[in-house]
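K.L.:
Given these sequences and hints, build the entire structure.
2 protein chains.
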Amino acid sequence: MEPQPAYNHVHQETVQRVNEIMPGEEELFDLAELFKVFGDSTRIRILYVLFESDMCVCGIAELLGMTQSAISHQLAVLKKAKLVRYRREGKTIFYSLSDDHVRTILDQGMEHIEE
Amino acid sequence: MEPQPAYNHVHQETVQRVNEIMPGEEELFDLAELFKVFGDSTRIRILYVLFESDMCVCGIAELLGMTQSAISHQLAVLKKAKLVRYRREGKTIFYSLSDDHVRTILDQGMEHIEE
DNA sequence: CTTTCATATGAGCAACTGTTCATATGTATT
DNA sequence: AATACATATGAACAGTTGCTCATATGAAAG
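Residue numbers (this note's numbering), protein chains in the order written: chain A, 3 to 117; chain B, 3 to 117.
Hints are computed from structural coordinates only; laboratory data are not their basis.
There could be a bad hint or two in this list.
All copies of an identical chain are treated as equivalent in the list; a pair is satisfied when it fits inside any one copy or across any two copies.
To be verified - Distance condition first, Cα-Cα at most 25 Å in a straight line; then the derived DSS-like pairs of lysine-lysine:
1) Lys38 with Lys93
2) Lys81 with Lys38
3) Lys82 with Lys93
4) Lys84 with Lys38
5) Lys82 with Lys38
6) Lys81 with Lys93
P.N.:
Written as structure tokens, this is what we have:
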């Protein structure tokens, strides 16, 4: 038997309900990792650019007035989170959004800050 | 006249469309700040607890197996982002969710990581 | 007013993050 | 093969973050 915590301040019923809906450790970790990706304005700006058009790395860099290296590093983060896809065309690599959750999440965030 | 960047890799038309939809500097900053708040699994766990019930600080601490101080610090972050409200009842302070965007944002994030 | 319980807060520290700089990889052209 | 262009990547550095520990604030009870 595991040692049971005391729960002096919480009803046992509430403890159970919370345990039922609380995501598992790995899901929580992944969820936090995902939102960390949205937690940087450079990455958000890249996503807004890709809303309008697929674009190559140096195109994004030009548009945002940042170095190719900085953009490439951030694209690697977005890629790892599966928020963007890419395809190669000759020397150039074009990045694009990978799904619609990106837009929904950013829209909801925007709604929240605009109250 | 501002010096105009070259835009060798991006069509002028795309530049204009992006400039139209790109949020302003302050909005971008606030949006990133908001998502940073969601980018920590302790804070996410607190939010999941509050989905089920309003709760005092030491109740949350008990439920999550963390110190009162750690939870209090994180509640301050959530409070600053206006994701939680609080009310005092005697010595105790009860925290609760402040609006529905929290749930929508977390749900969308969960949908994304579960593909 | 002193004690007790609940909560908040500041300093400190280890871990992490975003940019820059230098350099490597990869593709096409000559 | 040599060059040029597009992109990726590793090291380094300053700035930030989340926890702990000690302490402060605030409200109720004795």
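K.L.:
State for each hint whether it applies.
P.N.:
Quick rundown of the hints versus the structure:
Proximity of Lys38 and Lys93 under a CA criterion of 25 Å is satisfied in neither setting, with 31 Å inside one chain copy and 35 Å between copies. In this assembly of identical chains, the alpha carbons of Lys81 and Lys38 lie at most 25 Å apart whether taken from the same copy (14 Å) or from different copies (19 Å). Taking the closest pair of Cα atoms, Lys82 and Lys93 come within 25 Å of each other only inside a single copy of the chain (22 Å); across copies the shortest separation is 46 Å, beyond that limit. Taking the closest pair of Cα atoms, Lys84 and Lys38 come within 25 Å of each other both inside a single copy (13 Å) and across two copies (18 Å).
In the homo-oligomer, the alpha carbons of Lys82 and Lys38 lie at most 25 Å apart both inside one protomer (12 Å) and across protomers (18 Å), since each shortest distance falls under that limit. When the C-alpha separation of Lys81 and Lys93 is checked against a cutoff of 25 Å, the pair qualifies only within one copy, where the shortest distance is 19 Å, while the shortest distance between copies is 48 Å.
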